[in-house]
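J.: As given, the protein sequences belong to chains A and B, one line each in that order.
First residue of the first sequence: 1, per the working numbering; consecutive thereafter.
First residue of the second sequence: 1001, per the working numbering; consecutive thereafter.
The hints are simulated quantities; they were obtained by calculation from the structure and are not laboratory data.
Glycine included, C-beta positions come from ideal geometry on N, C-alpha and C.
Dumping the calculated BS3-like pairs for lysine-lysine here, alpha-carbon to alpha-carbon at most 30 Å: (1) B/K1006 with A/K185; (2) A/K147 with B/K1225; (3) B/K1057 with B/K1151; (4) B/K1145 with B/K1074; (5) A/K262 with B/K1151; (6) B/K1202 with A/K291; (7) B/K1074 with B/K1295.
Calculated Cβ distances over 10 Å to all of chain A for the following chain B residues: (8) T1002; (9) A1058; (10) V1077; (11) D1152; (12) Y1264; (13) K1295.
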Amino acid sequence: MAKKQPEQIERMAGSIPHPGRRIALEILTLLLFILFMLPFVIVIMNSMRTNAEIINAPVGLPENPANLFQNISDVWNNPTFNFLSACRDSLIITVLSLAAISIFSAMAAWVLVRNKTKWSNLLFLMYVAAMVIPFQVVMFPLLTWFKTVGDFIGIPMLRSYQGIIFAYLGFGEAMSIFIFHGFIKGVPLELEEAADIDGCSRAGTFFRIVFPLLQPVFVTVLVLNGLWIWNDYLLPLLVLGASGDIRTIPLAVQGFNGSFVKQWNLIMVSTLLAMLPIIILYIFAQKYIVKGMVEGSIK
Amino acid sequence: MTSKQKRKLTEFLFLVPTLLAFLMVIIIPFIYGIFYSFTDWQGTGSFSKMVGFENYKAIFNEPAFLHSFLVTLKFTVINIVTVNVVAFVISLLVTSEIRGRNVYRAGFFVPNLIGGIVLGLIWQFIFSNILPSVGAAIGWDLISKSLISNKDTVMFTMVTVNTWQYAGYIMLIYVAAIQSISKSVMEAAEVDGAKYWTRITKIQIPLMANAFTISLFLTLTNSFKMYDVNVALTNGGPVGIFMNKPVNSSELLALNIYQTAFKYNNMAQGQAKAVLFFVVLTIFSIIQVSYNKSKEVEA
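Make a model of the complete structure from these sequences and hints.
T.: Below, the structure written as structure tokens:
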């Protein structure tokens, strides 16, 4: 019963029953929904066809749906696409960037909230202001600067995992600190004071007391940054290069598509494969993803 | 070391990772970026001389850039309208009394999970293969040739893809806003005899003003910075004529900046364009947010 409550409350929104209007709205929604899903249907249908079929009749049902497996195997084994290694690189970069962004931003936000000095206010304002800086204005100098720094410290910052993860930390942290900052302001200080009196170190107070309380806002930070990093194209293109050893999924898809005369069936399969991981994740974590997207935008 | 010093040290160390990334990825490249735009920078760490406003003068006399600027403005304005209208209509539908609205909500968001490169490729196939084939079959001349290779309709294709991609996200924001409106307000209006349309225009929309501010801001920045869909769908084409010079009729600013630097090897002018891009985007955002804020009412 308890679970049904929001549903019932919601139902009252259009309270007075109006069967004719409901049917009309349902038909309209369904039509719009079909229109929205049509591109996905097209991808799946054409992933099951041969290139000759598509050239002869772009609109049509697959003659032999089992061609899907042949197409997948062609794309999967294509050395230009190299889907498995692209998945691995995307996963490494996304997961490590998310770990760095969420942990470091939470640490910084906590210090900025709990330290009410002129400096901490100034620093916070700087992070907020930096959110308006578009990637385009820093991207060219970033490349030469990363090259210089890499040469100087002897650790390559371009075409390397550490370089792109560090770059994502830099581009993702301002918004994440802002979101954590808003949340931590509402966390009561008493818990931390108690830990302080019990002799807990400052770092211990954060990691044992504050960190676990941040869980709801972690979802927001992970979802917002995760979708962005996973799908990002321009930053990997610049930092990793179009033909470097490390290639994320968007780089692999674009490289594959530009590599030969358009074989639409194989391109459709490559987009299908590229979409699959995130769609599967969405099926399982839909609630969190929707919540994260909404809360991230409102904050 | 006293415990107070230890505390200060811990807090400082907590700020270091984000501060370091912020300096290295945003602040230093940003300062370099503005500086380089006044030099004859060639993309390496060094430059030979200061050129004052020469780069800026040059870009203001470049038809391709001016054209790109106008196309971006046009795209942004049209896109803001279509994304928000579609998103708002869907949000009304999925908060009405229809059955299965949760499934619809989740479904309409799906295109937003997928990156612009993949979506651009899928729609390239639709516009250049599927639609022409349908057009030929039903005898509709306009779509029987690819809408992407027609300079009068290429804008329409970009708006379609971006609306399809982004409306589901903006819909979530509107849905959250609609749900936060007190049910008693809506019911009172209904009991008082306010018709469906009146309830939407006189009560829901004014109470959702904050959601409009956020959504317009998000669509404004997203449209103005559009890059990956542009690359994967049209790559700037087809060729058009502007100020008696051939230009790429669908090349948005972000792509124009990238091409200036890497295709035409003019890093300094590319950087000057990027700085201008930043200034214009910031001004637009400030105007839009302050205008919308002035229209918001307290619920």
